[in-house]
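Position chain L against the provided structure of chain Z, taking the given hints into account.
Protein chains in written order, with this note's numbering: chain Z, 1 to 317; chain L, 1 to 218.
Honestly, the hints are just simulated from the structure, not real lab data.
Quantities reported herein were computed from a predicted structural model and do not represent experimental measurements.
All the pointers check out, no bait thrown in.
FRET-style restraints, in silico, Cβ to Cβ:
1. 49/L - 182/Z: 13 to 21 Å
2. 260/Z - 22/L: 55 to 63 Å
3. 262/Z - 174/L: 34 to 42 Å
4. 212/Z - 9/L: 51 to 59 Å
5. 291/Z - 27/L: 50 to 58 Å
6. 288/Z - 49/L: 31 to 39 Å
7. 16/L - 239/Z: 50 to 58 Å
8. 27/L - 71/Z: 30 to 38 Å
9. 310/Z - 115/L: 24 to 32 Å
Covered by chain Z, per the in silico footprint, the following chain L stretches (three or more residues, Cβ under 8 Å):
10. 135-145
11. 160-169
Here are a few chain Z residues that face chain L, going by a calculated C-beta distance under 8 Å:
12. 125
13. 139
14. 171
15. 183
16. 277
Yeah, the Cβ is synthetic: ideal placement off N, Cα and C, and Gly gets one too.
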Amino acid sequence: MKTNWLKLTLTVATAFAVIFSVESGLAQTVAKPKIAVVISTLNNPWFVVLANTARERAEELGCQATIFDSQNDTAREAAHFDNIIAGGYKAILFNPTDANGSIANVLKAKAAGIPVFCIDREINSTNAAVSQILSDSYSGCVKLGEYFVKTVGREGDYAELLGIVGDNNTWNRSKGFHSVVDRFPGLKMVAQQSADFDRAKALEVMSAILQAHPNLRAVFCGNDAMAMGAYQALVAAGREGQVKVFGFDGAEDVLKLIAEGKIVATGMQFPKVMARTAAEYAVAYLKGRRDFPQKVPVAVELVTKANVSKYGDYGKK
Amino acid sequence: MATTAKNKSRRAAGWILLGAAAAVFCRMFPLFHVVPLKTLVAEKQAQTFPAAAIAQKFWAEKLLPAARKTVSADVLLAAIEENPASARTNYGHSPGLSDSYFYFLRGVGRVVSVSDDQIGLAVRPNSTRAEIVLETGLLFGNALRDGSGLLNAGDYPNSQDFNDLAAALNHLAETGVLPELRTAKIGQTVSFAGCAEVDDESTDLHPLQVIPIQATVQ
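Here chain Z stands alone, though its shape is the one from the complex:
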């Protein structure tokens, strides 16, 4: 009889323990807000870092985060937003595909009560996203332009590889660079073509430019993927020592080539800083904070052979 009571007590206690642990587990799952990380493209290591950092930081802060790849396609991006709204997500960390074309998606999320925080790329609206954490591409390219003049000189032919023409970063970078270089009339831009921020396309475009312009002395590329493509084209043409390559991003492979003296300089953006800040803002919003700055510029730093050892892992060491 004694044994039966003991068994009964143990059975009841175990049952309670199981019920409580299941309930507590369920409670934890239910309490975790879902955050969507929508990225323009994952076909570029820089954006993979941006996406993973945003997801990791959101998870560290107690959220459940999912990455959506828009593949540089606004229609696909719009479909992601529809799914996110229907899927009960509480916030969106958003790297847009198009400064104008993506506004409608952000407004749709806003209308559904889902706050959107832009990362790295902006949308041309100040009343759609809660906040936009953006690289100061213009200033970064002013610094690159000054270094370009210092290293290439005040005379010579050069080419420019532009990014996606619908993206503001493309033009902010180009304008920052030209705000300096255009002041030196001896520097002549003999080719300016878009390679869509894409390495393979840059290889193709640069190969054609090299054939048409035998006296080219430098190429300014709107991102590091294109700088890598341009460098590959130079190697294939046997002209890697003759044409100076400038990039923008601070990608690992470009930092390595800067250290080896094969690429001249890049602008270090801080994707991890931007992604973490966006995730922290989103969680703060979910906890009730509302006073966010509409735009948060993140400084870009010039990286050359002289200071490249200070940088790595998409930021400062």
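Quick look at chain L alone, frame taken from chain Z:
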């Protein structure tokens, strides 16, 4: 046989008409446009943000009046020498997330050095070295836009417009301030106001490099 031939020619005429209608429709409502990159660049440049006019208004109505009230160079230099971090906290400001920051200052100094693109000033009574360097060459970057802290990126939906403003402010300084400053000779007195950008707290601020928004040579 004749009916079949008639039907064939009718069908052919129908196809021709349909093709012609489709051609007219496509001419009137093209499915896509091919725009040369050069045209797109020209369109971008011609877009109508009136950067020069906004810069001029900001310069006259906000920047110059604010310059009369900002920290004086001798006070700022003493604060930097005492403790750069607290000088940054008390007198500097940094837009967004950045190691770099700006000072907005005014002062009076004696010209102690002159080069092609800089003028060195000693601003404290016993100093004989250049403590402030005023830039007199080509001006680049955002120091004049961001240095005073009076303009906010969040007020401009398109950051390209905000960046155009930086270039327009540099142009105002180059055309309105630098010509007089370039006439300064060693021993003359210069009263000035301007903005300084500092990369980070490890930057050597001896001398402090300033882009002038106002300068009078006496």
